[in-house]
Structures are given as structure tokens and as C-alpha cells.
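Engineer: Sequence:
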Amino acid sequence: MDARERLIVGLDVPTLGEAERIVDTLGDDVVFYKIGYQLAFAGGLEFARDLAKSGKKIFLDMKLLDIDNTVASGVENIVKMGMSMLTLHAYPKAMKAAVEAAKGSDLCLLGVTVLTSMDEQDLISAGYEYDPHTLVLRRAEQAHLAGMGGIVCSAEESAAVRKIIGPDMALVTPGIRPAGADKGDQKRVMTPGDALKAGSSHLVVARPIVKAADPREAARAILAEMSAALQ
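For what it's worth, UniProt numbering labels the leading residue of the sequence shown as 1, then goes sequentially.
Take these hints with a grain of salt, some might be off.
[Claimed, not checked] Under the rule of at most 20 angstroms between Cα atoms (straight-line distance), these lysine to aspartate or glutamate pairs were calculated in the EDC-like manner:
| # | residue 1 | residue 2 |
| --- | --- | --- |
| 1 | K63 | D12 |
| 2 | K103 | D66 |
| 3 | K57 | E20 |
| 4 | K96 | E120 |
[As the list claims (entries may be wrong)] Pairwise CB distance ranges, derived in the manner of DEER restraints:
| # | residue 1 | residue 2 | range |
| --- | --- | --- | --- |
| 5 | M81 | T25 | 23 to 29 angstroms |
| 6 | L16 | D122 | 31 to 37 angstroms |
| 7 | D66 | I124 | 22 to 28 angstroms |
| 8 | I67 | A221 | 40 to 46 angstroms |
| 9 | E217 | T70 | 26 to 32 angstroms |
| 10 | P178 | G27 | 17 to 23 angstroms |
No wet-lab data here; the hints were simulated from the structure.
A virtual CB, placed ideally from N, CA and C, is assigned to each residue, including glycine.
All chains, please: the whole structure from these sequences, using the hints.
Structural biologist: Shown next, in the form of C-alpha cells:
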């Protein structure tokens, strides 16, 4: 894969109009987009279908978690939408149900380990007994055993996770910030080049591109850094 296939631009905007303007602005420079809750609940699911039909790849960031039958039913319909990637929380039963439902399709199922906005104190407050690094590795191993297509984790854990999941699974990293960029609400971040060198296969970038004065130029700068890291 070249850099364009590895960069996923997060359409983390409140309206379809904004999302459409960003996609038009970025043009052929960007081929992969993430659609999450904010846009999904503003008509983004139909937009996701339309983008997929136009040839773009779509990462649907729904972080599914429910009883087995509900997860499986949701995955079956998402397969029909033509999505390329889908997230669910990396709980063993949910992952097993999703893998079975997606069998025979091209949908890459991604297990979300620990959100990049969470640190050790956040996990303690949520009742977990593990620090972020330990919990990420535990969930990565469970995702690998379940037959998932990939993992979502911080770039800080990419190298350790890659050793667990091997070379073939996707390793998708949010919390990517170019050098000097504002971290926003992210706590575990890394630059694009460093993330790829650490073992990430795909990078999710939202605010540094969609909130830039010139989104296309911002995307091109990140792609250039990624291409240099892949040499």
C-alpha cells in the first residue's frame, strides 16, 4: 500500500454540507474516509454509501458492542453497505459474533482496544484493573484469536501490538498529530512518520486536516511525511 491507501481522513464534522465540502476540496489526494457518530447521526450513513459507490473507501467507526445477535445483525447490514472497515469494542463474544457475520465479505473488522483519549487514571475510574498498555495488549491478543481483521490502538502501543498480531492484520492508529500540532482531547499521540515506523498500517487524521486553513495542503504534507517514512 502507498501512503494514500494508508491515510484515513476523519470526517468529524457536524453537517453533511461540511463533509461534502471537505471531500470535494481533498479531491483525488484522499481515497479513504472515516465516518463516526457525529456525522452518522446527521445523514452520514447514506453519505457513506454514496462515497463507497463513488470509489472511496469508508471506515465506519461505530464501536459496536451489544448482545451477540444484535452485533451480528448490524454487521450483516453494514456488509451490504459496501464499507471497507468497521469498529467494534474488542470484547471476545462481540468479536466472535461479528467475525461470523462478516465471513466471506471484504469488510475489515477492527477491534477497539483502549481509546486514545484515555490514560491510566481514566481506566481506574472506569473500574479496570489494567493500565492502558496492558489492556491494549490483552485485547489485541483476543482480537487476533477471534479472527478479526485488525486492531485500533494508540501509536504508542503499535510496536508491541504488532508483535502479538503478526504482519497481516491491519493496525489502525487514531490520535495522529503532525509535529507542533495541538493535541486537543487526545492523550496518547504520535506523528505520522513515527506511527508508521512503529508498526501502524493506517493512520486516522481528522482535525489537523479538516480544521486546517487549507485542508488539501495539510493532507498533502501528511502524505509526504508518510511516504518518506515508508521508503
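Engineer: Which hint numbers does the structure go against, in order from smallest to largest?
Structural biologist: 4, 9
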